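Colleague: One letter stands for each residue in the lines below.
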Amino acid sequence: MAFESLSEKLQNAFKKISGRGKLNEKDIKDAMREVKLALLEADVNFLVVKNLIKDISERAMGQDVLNSLTPGQQVIKIVNEELTALMGKENTKLNISPKKPTIIMLLGLQGAGKTTVAGKLALMLKKQNKGVLLAACDIYRPAAIKQLQVLGEQIDVKVYEKGTQKPLLTAKEALRKAQDENCDYLIIDTAGRLHIDEDLMGELKELKDNLKPSELLLVVDAMTGQDAVNVAEKFNSTLDITGIILTKLDGDTRGGAALSIRAVTGKSIKFAGIGEKLTDIEPFYPDRMASRILGMGDVLTLIEKAELAMDETKAKELEEKFKTQRFTLDDFLDQFSQMRKMGSMNDLMAMLPGANTGKMANAEIDEKQVDRMEAIIKSMTKKERENPNVVNASRKRRIASGSGTTIQEVNKLLNQFEGTKKMMKQFTDMSKKGKKGLFKLPF
Amino acid sequence: MNKNEGLFSKMKKGLTSTKEGFSKNIGNIFNSSGEINDDFYEQIEEALIVADVGMATTMLIIEKLKVNIKANKIKTTEQAKTELKNIIKEMLGQNDVEDNYPLVILFVGVNGVGKTTAIGKLASKFGEQGKKVVMAAGDTFRAAAAEQLTEWAQRSNASIVKHKEGADPAAVIYDAIQSFKAKGADVLLCDTAGRLHNKKNLMEELKKMERIIAKELPGANKEVYIVLDATTGQNAINQAKNFKDTVELNGIVLTKLDGTAKGGVVIAINKELMLPIKYIGVGEAIEDLEIFDPYLFVEALFE
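Top to bottom, those sequences are chains A and B.
For reference, each letter of the first sequence is one residue, going 97 to 539 in our numbering.
For reference, each letter of the second sequence is one residue, going 2 to 304 in our numbering.
The shape of chain A in the complex, shown without the other chains (with noise of 0.2 angstroms):
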């Protein structure tokens, strides 16, 4: 069950009918059977999945996309703004209190790296210069308190403790200490527990009461499945959390239950755990979220830059130059000019999904190389620019010094020139078959 990206399942569906040219209502209702296969698959719940179906459909059944030459971007592209809008804005302030300290709550499910978090906030918040103070009140699970003790040596921040007292003594007596050694934050730690578990909730909430924390924060494991509906419902509905904190997110999980969670509270998801050293934690980037669980790194940024950067009639124009083979140096100045306004060349290679494994990651393309080549471009004259194969010895000569370069770079641009040309002409004459829109991104 290898991950096919969504976008190579849209595609491949779009594939089927792009002899027919426009799209029909059928058509579009297979590729939405292929984005809630692709949802289900990332973890989104259920009940989720089905209204984010209706609501795209309602939007891919419009005009622009039936019309579209691109129907598979248009739709990935609808599925994401969906999803980038139910994941919410970006937001990882915390709630401070007016008065000192500010009080954090931690709160979950077992194992879904309470302490771990409690360890990271207090070394993100010290680093900011804030006095903090961590308080042990997970008093049921061995060694629970011991594990936060190692963990406040490690960051150098203190830790209140008082063994297996009820947590809520523990919790006023730590909210003393923090004012008395007038700490900024106090960060609690709780105990890990079923949502279902009446008694133990109670205990929460009676934290809360008494304490009056600003943030209460809910810490959820990104691998969680179906179940992460009930388990956000339950603790929002019981004690009004104030925001999310998604750990683990260093594995290699889809992640749909941060959209799971994120629809059944309306809480924002706060801060990610990215990895086991205690600074792996940063802001979490709702629409990064929006991507991976489509699975597709972050082809949709690149797909819009595409789109605004290229307009249609250029493209056109330029595929009809590779079938006629006269793509000419003008063009290929104006392809640098037209991937220039998509970003740094560096940005492209790093949203292309696999772009950052292996070979790619070292290959920096130099942008001041692209700055020279676009100078010997300039350098040329009309006529050489049209057929290159004009360009003689002392040409080269004129060119070099004209645009401040070496023969040697000349000569490489020429070459490089004939290879691209090559190159297009190999992709026109393999997508002849296909589609009709030839210039497009290769995914």
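It is worth saying that the hints were derived from the structure and are not from the lab.
Keep in mind that this is a model prediction, so the values were computed, not measured.
Please note that a few of the clues may not be correct.
Claimed, not checked - Derived lysine-lysine pairs resembling DSSO-like cross-links, with alpha carbons at most 30 angstroms apart:
#: 1; chain 1: B; residue 1: 90; chain 2: A; residue 2: 132
#: 2; chain 1: A; residue 1: 150; chain 2: B; residue 2: 67
#: 3; chain 1: A; residue 1: 122; chain 2: B; residue 2: 65
#: 4; chain 1: B; residue 1: 65; chain 2: A; residue 2: 146
#: 5; chain 1: B; residue 1: 126; chain 2: A; residue 2: 132
#: 6; chain 1: A; residue 1: 474; chain 2: A; residue 2: 508
#: 7; chain 1: B; residue 1: 200; chain 2: A; residue 2: 222
#: 8; chain 1: A; residue 1: 196; chain 2: A; residue 2: 132
#: 9; chain 1: A; residue 1: 492; chain 2: A; residue 2: 464
Using the hints provided, position chain B relative to the given structure of chain A.
Modeller: Same frame as chain A, but now just chain B:
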């Protein structure tokens, strides 16, 4: 039987206690009109998905159900329900728990699934059977993991071998094996640090432990269990695959079934990787670890 009822009611309690809001009462689907139609299949699909069975396995189950309904001329949803359960039970197969001693079990899994707790409970279970148990505190990474296991050792009257935090886990295993041999003990339970399955170097570390066990205890019955959290979704498949690629997995311990999660993903894992589910965790108390019973699991899935 009494004990089984106790277990079943524990699971059922968890599974039925959240009926509000988003959760679906799966039992309902079979109480509908009684006619086998598209709606009926759709409801089953929903029920299986909500139980984290996953889309691929769900479709497979439904295909089989359709075939069987036709072949056996099943007319009512009540009969279809029995057939559905039978299909899943058959997929899960039988569960035979190891009872050849000396027995060494290495526990692996991602962070926070409950490896240490499962070992504690299992130690108590073996202890009750009069077996001599040694624990190896192989999680030298997480703060206070060894202390946590030590408490379990005390509760279950097992002995424990541990090193300092940050020590080489393989060395802990080695020492534990020597202690195990010297004591002439029956069961050696080896804890390991939780690790995400996509972290190559951490996964390699497990191989070393496996090699040491193989070398030092050639005659022992060796098992490697992956501990999976029932609340985990489809990612559990990736977890099981990656761990299986690294070490010789023999079985699954499914924890946290006392919540509202149903752990349906193990059906896919069981089917794809031929990994039997050995034990399930159904509560916080030391006795709350049970030998997996496919019958009860499937019943709970649809309650």
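Colleague: For the pair supplied as a hint, residue 196(A) and residue 132(A), confirm whether the alpha-carbon distance does not exceed 30 angstroms.
Modeller: 47 angstroms, violated
Colleague: Check the hint pairing residue 65(B) with residue 146(A) against an upper bound of 30 angstroms on the C-alpha distance.
Modeller: 25 angstroms, holds
Colleague: Regarding the pair residue 126(B) and residue 132(A), is the alpha-carbon distance no greater than 30 angstroms?
Modeller: 44 angstroms, violated
Colleague: Would you check the hint for residue 150(A) and residue 67(B), treating anything up to 30 angstroms between C-alpha atoms as holding?
Modeller: 28 angstroms, holds
Colleague: If you draw a straight line from the CA of residue 474(A) to the CA of residue 508(A), is it 30 angstroms or shorter?
Modeller: Answer holds: residue 474(A) to residue 508(A) is near 15 angstroms, not above 30 angstroms.
Colleague: Please verify whether residue 90(B) and residue 132(A) have alpha carbons no more than 30 angstroms apart.
Modeller: 27 angstroms, holds
Colleague: Take a quick look at whether residue 200(B) and residue 222(A) sit within 30 angstroms of each other, Cα to Cα.
Modeller: Holds, because 29 angstroms separates the two Cα atoms, which is no more than 30 angstroms.
Colleague: Does the alpha-carbon distance linking residue 492(A) and residue 464(A) stay inside the 30 angstroms limit?
Modeller: 20 angstroms, holds
Colleague: Does residue 122(A) pair with residue 65(B) here, judged by a C-alpha cut-off of 30 angstroms?
Modeller: Judged against 30 angstroms, a Cα distance of about 27 angstroms means the pair holds.
Going down the numbered hints, you'll see the structure goes against 5, 8, while the others check out.
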